[in-house]
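Trainee: As a plain string of letters, each chain reads:
Protein chains: 2
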Amino acid sequence: MRRRGRGPWWHNRFEDFGVRVTEPREVVMEVLLGTAEHLTAADVYVRAHELNPAIGLTTVYRTLDILLQMGIVQKFDFGEGKSRYELINNSQSKEHHHHLVCVRCKTIIDYYDFVDEELEFIQKTQDKLSEKYRFHIMDHVISFYGLCEQCKVKSQG
Amino acid sequence: MRRRGRGPWWHNRFEDFGVRVTEPREVVMEVLLGTAEHLTAADVYVRAHELNPAIGLTTVYRTLDILLQMGIVQKFDFGEGKSRYELINNSQSKEHHHHLVCVRCKTIIDYYDFVDEELEFIQKTQDKLSEKYRFHIMDHVISFYGLCEQCKVKSQG
DNA sequence: CTTCTATTGAAAATGATTTTCATTATCATA
DNA sequence: TATGATAATGAAAATCATTTTCAATAGAAG
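Sequences listed follow chains A and B, in order.
Residue 25 in my numbering sits at position 25 of the first sequence, with consecutive numbering throughout.
Residue 206 in my numbering sits at position 49 of the second sequence, with consecutive numbering throughout.
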């Protein structure tokens, strides 16, 4: 699932999208591919910078936005005042997960469980939504909000 | 379902949460109760200001955060660079909805459909998550990302 | 090689949110 | 009802993520 023509898979995606494959964009992809989870733009910048110090923060922002529009990354906002990005792994993959957010201490727990039920539900909903709103759905986010164990205890005290 | 003691329902919630019921907080609640959908902090400020010009933006932010922690409002981030707030209506209510977000033009469509399937799925998942992560879940958000009709067409051109 | 256009990075601008801090309001109790 | 402790407030300043501007550069097509 790697090369076709001459380069990694995303080269074709860039081409299809009508943008050039450039050094900075390659580096940003490299960073995203080489890491685990939700990075902020600044995180990406720091790592990209290690690989190639010529790359600027502005370009990182711009590249992330392009990747977002292409459906290659997903953008999250957890109310931290900044966004986080991560590569989209197909919904079926084990990387797919969602979040439990504590509204008090703002802790975020990733959970990878219960994908079966989710898949079934998402499939149904997605199909209906696509049709009704003529929307091409590429991805989804599910987040639960509440109190983590510690904050729950504090509430009662 | 209104008064008990002397005041609207949220007075008790404030009390339970250990914070005072003050004029600015009442006004913020009034604004939220009197409007339809997702307001930014600035929106709330403007409206609160009309009702009582003494109220400051800082207090609006602080109040919204308290309401968030109490589970009275929900905070949304759609990647606009600012958050939006709205009162939480019970999941079963007709007000409950989710969002379709266009990653290209950033348009947001609220949808109110398919609550039945959702309720079933959410119930199951929520119960399991609560137990496994000892998390007290108060609310959830489901968002779909993709391309709206117009942007879909542009992509193909 | 030349031209046209996309891309880039630095710096400045923007804009939302938070922090600081002195003042004021509120509550429980003397 | 007066009082002292503490919560809440608003204005201004500080932060910090993100966007815009703009001149310089790189890449593709001829």
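If you're looking for bench data, these hints aren't it; they were derived computationally from the structure.
Some clues are possibly wrong.
[To be verified] Using 27 Å as the maximum straight-line C-alpha spacing, the simulated BS3-like pairs for lysine-lysine come out as follows:
| # | chain 1 | residue 1 | chain 2 | residue 2 |
| --- | --- | --- | --- | --- |
| 1 | B | K239 | A | K106 |
| 2 | A | K132 | A | K82 |
| 3 | B | K263 | A | K82 |
| 4 | A | K132 | B | K285 |
| 5 | A | K132 | B | K289 |
| 6 | B | K281 | A | K106 |
| 7 | B | K289 | A | K128 |
| 8 | A | K82 | A | K128 |
| 9 | A | K132 | B | K309 |
| 10 | A | K152 | B | K281 |
| 11 | A | K106 | A | K124 |
| 12 | B | K309 | A | K106 |
| 13 | B | K239 | A | K124 |
| 14 | A | K128 | B | K309 |
| 15 | B | K239 | A | K82 |
| 16 | A | K128 | B | K281 |
| 17 | B | K309 | A | K152 |
| 18 | A | K124 | B | K309 |
| 19 | A | K128 | B | K263 |
| 20 | B | K281 | A | K82 |
| 21 | B | K263 | A | K152 |
Trainee: With the threshold set at 27 Å, check whether the alpha-carbon distance from A/K82 to A/K128 stays at or below it.
Mentor: 32 Å, violated
Trainee: Could you grab the alpha-carbon distance between A/K106 and A/K124 and see if it respects the 27 Å cut-off?
Mentor: 31 Å, violated
Trainee: Going straight from one Cα to the other, do B/K289 and A/K128 come out at no more than 27 Å?
Mentor: 31 Å, violated
Trainee: Are the Cα positions of B/K263 and A/K152 separated by 27 Å at most?
Mentor: 36 Å, violated
Trainee: Assess, step by step, whether the Cα of A/K132 is no farther than 27 Å from the Cα of B/K289, and give holds or violated.
Mentor: It is violated: about 36 Å lies between the C-alpha atoms, which goes past 27 Å.
Trainee: Hint check: B/K281 vs A/K82, CA-CA at most 27 Å. Holds or violated?
Mentor: Violated: B/K281 and A/K82 sit about 31 Å apart, past 27 Å.
Trainee: Decide if the proposed pair is consistent with the structure: B/K263 and A/K82, CA atoms, cutoff 27 Å inclusive.
Mentor: 17 Å, holds
Trainee: If you draw a straight line from the CA of B/K309 to the CA of A/K106, is it 27 Å or shorter?
Mentor: 36 Å, violated
Trainee: Is the hinted pair A/K128 and B/K263 satisfied, with a Cα-Cα distance of at most 27 Å?
Mentor: Holds, at roughly 21 Å.
Trainee: Do the alpha carbons of A/K128 and B/K309 lie within 27 Å of each other, as the hint requires?
Mentor: 17 Å, holds
Trainee: Holds or violated: B/K239 with A/K124, Cα cutoff 27 Å?
Mentor: 31 Å, violated
Trainee: Hinted pair, alpha-carbon criterion (27 Å max): A/K152, B/K281. Please report holds or violated.
Mentor: Status holds; Cα separation ~21 Å.
Of the numbered hints listed earlier, those contradicted by the structure are 2, 4, 5, 7, 8, 11, 12, 13, 17, 20 and 21.
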